[in-house]
Amino acid sequence: MAEPQAGPPGTVTFTLDGRRVTGREGELVISAAERAGVYIPRFCYHPRLAPVGMCRMCLVEVVGPRGATLQPACIATVEEGGEIVTDSPKVKKAQDGILEFLLINHPLDCPVCDKGGECPLQDQTLAYGPGESRFVEEKRHFAKPIALSELVLLDRERCIQCGRCTRFAEEVAGEAQIDFAGRGERLEVAMFPTRPFTSYFSGNTVQICPVGALTATPYRFTARPWDLDQVESTCTTCAVGCRVAVQSSANRLTRLLGLDSEPVNHSWLCDKGRFAYEAVNGDEVRAGPAAADGRPVTLGSSHPRGAFAGEVIETASKVGRVTEPMVRAGDRHVRAGWSRALAEAARRLGEVRAAHGPEAIAVLGGGRLTNEGAYAWTKLAKAVLGTDSVDAQLGDGLPAELVLALPRATIDETCSAPVVVLIGGDVREELPVLFLRLRRAVLDGRTRIVEVSPRSTALTQYAAVSLRVRPGDVPAVARILAGQPGPLPSHPAGPACSPEQLAQARALVEAAGGEAGSSVVVAYGRSSLAEDPSFDAAAVSTLAVAWPGARFLPLLRRGNVHGALDMGMAPGILPGRTSLEGGRAWFVEHWGSVPRARGKAATEVLQSAAEGGPGSVRALVLVGCDPLQDFPDAALAARALAGAEVVVAVAGHPSPALDHADVVLPVAVAHERPGTTTNIEGRVTRLGQKLVPPGLAWPDWTIATALADELGYDLAIGSVTEIAEEIERVAPAYRGFSPGYLDQVSGHDGLVVPLGTADAPPVAPIDPMATPGIGQVEQQGAPPRAGLTETVERELLAALHPEPAGEGAPAPMRRPAVEPVALPPPDHYSLRLVSTRRLYDRSSAVVGSPSLEPLVPPARALANPSELARLGVQDGERVRVTSPRGQVVLEAGADAGVPKGVLVVEFNLAEPAGAPNAASALIDATVPVNDVRLETL
Amino acid sequence: MPLTDAPRIVTARLSYPDSYTIERFLETGGYQALRKALTMTPAEVAAEVDAASLLGRGGAGFPAGRKWSMLKPDPVTYLVVNGDESEPATFKDHLLIERDPNQILEGVIISAYALQVTQAFIYVRGEFALGLERMEQAVNDAYHHGALGRNIFSSGFSLDVVVHPGAGAYICGDETALLESLEGKRGFPRIKPPYYPAVIGLYGQPTVVNNVETMANIPWIVANGGKAFAALGGGRSCGTRMFALSGHVNRPGAYEVEMVKVTFRDLIYDPQLGAGVRGGRDLLAFIPGGASSPWFGPEHLDLPLGQDEVGQAGSMLGSGSVVVMDSTTCPVRAAWRITRFFARESCGQCTPCREGSGWLERILYRIENGGGREQDLDLLLDVCDNISPGVHWPPEQTTICPLGPSIPPSIASSLGRFRDDFLVHIKDGGCPHG
Ligand SMILES: Cc1cc2nc3c(=O)[nH]c(=O)nc-3n(C[C@H](O)[C@H](O)[C@H](O)COP(=O)(O)O)c2cc1C
Ligand code: SF4
Ligand code: SF4
Ligand code: SF4
Ligand code: FES
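Protein chains in written order, with this note's numbering: chain A, 167 to 1103; chain X, 615 to 1048.
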């Protein structure tokens, strides 16, 4: 047979160093060559950034009509019949020349450079460079380093002007806060004098800088690459689930680098996810009396979190860690050791159950657990303790039954849906890397966004239509989007969005597939923590009914909250997206028993514990959560903790609720235990363990099994693998998900449950020039991540499809009917409170990370400028905000993105000299909306 | 016109002290060519320009007619005029802008009509304060006169023109850097492909970029016909061209001469033109086409001023600036000064140009000031080779734009012709010229 002249459609055949190879049409020579096994050296090229051809390191000879010319392989595309030469003397000379040029002004202070040992400039000089420099002149000098931000320092002498950082800032983050200044040899990266580098994504510039010009303050000088160990894992700081390489040295986390996961994070991380590892290191003993004689120390009131009389060792971190089991002795905690603490917890819980029945016990939290931990805790709560009052969400989420029943969209599907209806808060504040993905999707013309939010957000400028809503308005807006015209709730200041905007939004939806909504993805979260969740839920429900073809992406943000819900940590459900009733028979068969009736959600639990009386909740088990911080209504949470007879806290970090705990059980946190996690789209990925947990802390699941043991029940799960296997067996949505798959090379990016016919995209091998630091460390013993051939990949996937559900397996959940609570009319004297989230808030992860803590802003009272004018309040003036719940004194801020008639107080930010969480001091979680008054002092 | 009987095409009006005013312009035939053009079809106007075989006067010498025909059809296209003239010793556009802005503008309006462009930009070097003022005045006058704006001279054709000042960077003369600068970005030359702004130019739209002098020729071509223009000069180099003559001549200045019919000897020695080398000294060498062109010696004096003739001899007419060096010139110092210019003006994008220019400048400075080593001579050439492989003419490049490969020619020329001078610098530990 004759040699085919051209490859299959969409491919081109060309000659590469004398070999005939095939590339994709329009593909860059640099990547086509790489896939054909020829690595072309590079600096400025980054697979996730638009090529600029600046460094000229990738020059190759391209044979064209006018003979061979040197062209950058990161700009030239492969042509049918073309000829590329990468190894000629001319190419070699050019590469030598470029490296020599790059080094003439380079300080070569490798011994004191963070990049030393993992530096593309070092590595490529070794591989391609000339032996020695012929440069005898004085080098260029700059003051070094200069701070670009609180987190990023710049050494301009080391900069090779590749423009990766500046391109990232503009192209990916959409914040051109750094750019080049000067020209020629004096070309330098600079920031604007009037515009600080405040990007939430600044750490990525450090990650992709091919030299040591950009360094991150938390990592700087803490380690040398050859001393680092690494595992692959997933960031669980929020629920996007970015893939990360976690690096440590001497049982101390030193650095997180973003792995390039095609379906999720495209190698990017947000700064919170990247740097919050400092809070995990919180237990490190740097100084203090406890280290010397081992006596307990009392942090007392000097501790920023209040008077927790626990055994926390003072550290560089302001939060520290809980490292020992403790029981209450009078008004203080004493070390107890595990057996005593567990026995005490079992005894107290057993007494409550015996006296008042299982409904008197409630388990709150779970969003910070692994899937395996969440499963073990659900089994403990629902099969052993017998209570269904379990809730991983602390009144800050949405009804689990709705979230689990809606057909799920993946992030990729969302970013390619012609229309995305976005209901909720600010994605950049809540799920930062999802913001990057959505922004890119809009800019690439793949997606149009219809935003429905209580205030303008970082995505507003990218939305095709952005609809402002006041508290309680969202169901009416959803009805209009669904094609059921009706009035918006009336307001003295008029509707927050115009009829034209609504019509425009409706037209977009109609254009994108009409009534079935089959090309619409609804991404939905919690719009505001100061209104009843039934408003958002009813809106989403309306759209689900109207658009049977639409798919849904839940934007619940806390770490592994999606895994916790999948594992049954909510009232009315059981593991594997099963309802309590639908799964009753199946789980009785597997577990022995399940709760008699649907239990209480967090708000009802706290209300019940606060009020007391017959049938009330008397024992609270807090699993990695603190209602005083996480629950929107601080007063209710405080009354509940005070009212509960028994409080058992499973905690990684000290927090105010521990003051109320009768038993404190120390738990391993992120990077300290293996397992899996599930992100917003239902993608299950592997969590790597990098550290030995501090002190006596245990992994989450072992605490559940040990407590069950004490209660006389064998959970019958003895390892993470055994739990994963049991999940696969009994949790319908996880059917066929054999945990071993994630250990395969192609399992690095995880898989979406329930398994369908979806393909896992091929996992890219690590390019040490794209993300310096991961590859080099990998070569020291971490599991390899070479790309798989596509056939092996497909075979592995084929083996993964779920077998048909077993006999008696529960049916999929049905979408519950959700009705919003009645909306009281607004009055002329009040403003309606909205509370949205900020990335840097007073959560343990942020406050426990010395580098992030200074970035937390104070709470402010934000209102529309005209509203402030009406009230005679100046921007920046101190004002008193009063609600029936309480009052706070804040600085007023004019914000044109806030609708008239609304006051925004962001959640979990401190009142200057006052409440640690100003918003939760105002919010009453038991009313539909919260009206507040604003007055000058 | 000195030496030949060719008419003055672009400098005809310059002898009037008030040549830049709209009154003088109208009195001397201003806007007559535009009125004529508007009676023709756009294609007819373009055909005249094509027939004229007008080579671009900005440096690359690309035929204007061909460039126009490459403009990709699109509802939005632009015409951009390059008046950034910033190369050392280049001052012909400067003169035209200050002394006859209306003529340039008339060329712009005619060209825009031929191209059916409704928005044009004139990018003027920022340091030309007077030129900018006069160019802006010309634009205002044209609006008043009905030659710009809606429905020009009741022809139905409309055009707006914006005069944009540069901000002090030579690199913004490169057409793609100029477009970036016009868009409000850093003046970084664009990466190729796309090779031609006529395909993707300003704001991503097809754009014709032409030099100021190129534009100044258009009214005459339309008034007199492309054939009349093509009859002047010789070979591919038609019409007249302005040469900025400077250096060690008795009469430095910008002269318009007929192409090909006039030689370098004429330009430098003719009493009406350069009037000979300063003080009657010997000619050491001359730069025939701007700082980036390889140098010529006395043996090249009889070369005609034609694009191909000069090209075949190993250099170029380039930006039209001719710099004469007499026997007192230090060639090392001359090469250093030119290299320093490029080092300062490199935009800094490409490694070879950013780093190489500064390195070469430092080596030359060291030699000139007595710190030279013999191995520096090979080093100079090898560094040049890493910027422009082979260091031959026309140059190859490892860079994005032609500025990088503009650095080696003066060094290679100086070193090639005057190696002994370099060696004397090295041996004597300094410059023999003092
Ligand atoms: C570094 C550099 C500087 C340049 N400076 C100028 C200039 O000042 N004026 C100019 O007209 N062309 C300049 N050019 C050439 C322009 O890129 C472009 O070729 C020219 O404006 C096209 O006009 P023309 O076809 O009418 O000659 C420069 C080119 C380079 C690479
Ligand atoms: S700081 Fe780093 S990433 Fe930014 S341009 Fe310089 S070398 Fe490139
Ligand atoms: S976006 Fe979320 S998952 Fe990703 S790095 Fe940030 S906190 Fe971690
Ligand atoms: S060759 Fe020089 S001036 Fe041109 S783009 Fe490169 S660095 Fe800039
Ligand atoms: S020019 Fe291609 S990698 Fe820098």
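Any given hint could be a false lead.
Unchecked claim - Straight-line distance between alpha carbons at most 30 Å, and here's what the computed DSBU-like set of lysine-lysine pairs gives:
no., chain 1, residue 1, chain 2, residue 2
1, A, Lys305, X, Lys1041
2, X, Lys875, A, Lys259
3, A, Lys256, X, Lys806
As the list claims (entries may be wrong) - Below, a sample of chain A positions facing chain X; criterion: calculated Cβ distance under 8 Å:
no., residue
4, Leu225
5, Lys256
6, Ala260
7, Phe301
8, Glu303
9, Leu353
Said to hold, decoys possible - Here are the in silico distance ranges between beta carbons for each label pair:
no., chain 1, residue 1, chain 2, residue 2, range
10, A, Arg232, X, Asp992, 55 to 61 Å
11, A, Gly649, X, Gly782, 34 to 40 Å
12, A, Pro573, X, Gly770, 40 to 46 Å
13, X, Lys806, A, Asp262, 23 to 29 Å
14, X, Lys806, A, Leu609, 20 to 26 Å
15, X, Pro687, A, Gly282, 53 to 59 Å
16, X, Leu744, A, Arg232, 40 to 46 Å
Hints were generated in silico from the structure; no laboratory data involved. Where a beta carbon is used, it is the ideal one built from N, C-alpha and C, also for glycine.
Which of the numbered hints above does this structure break? 2, 10, 11, 12
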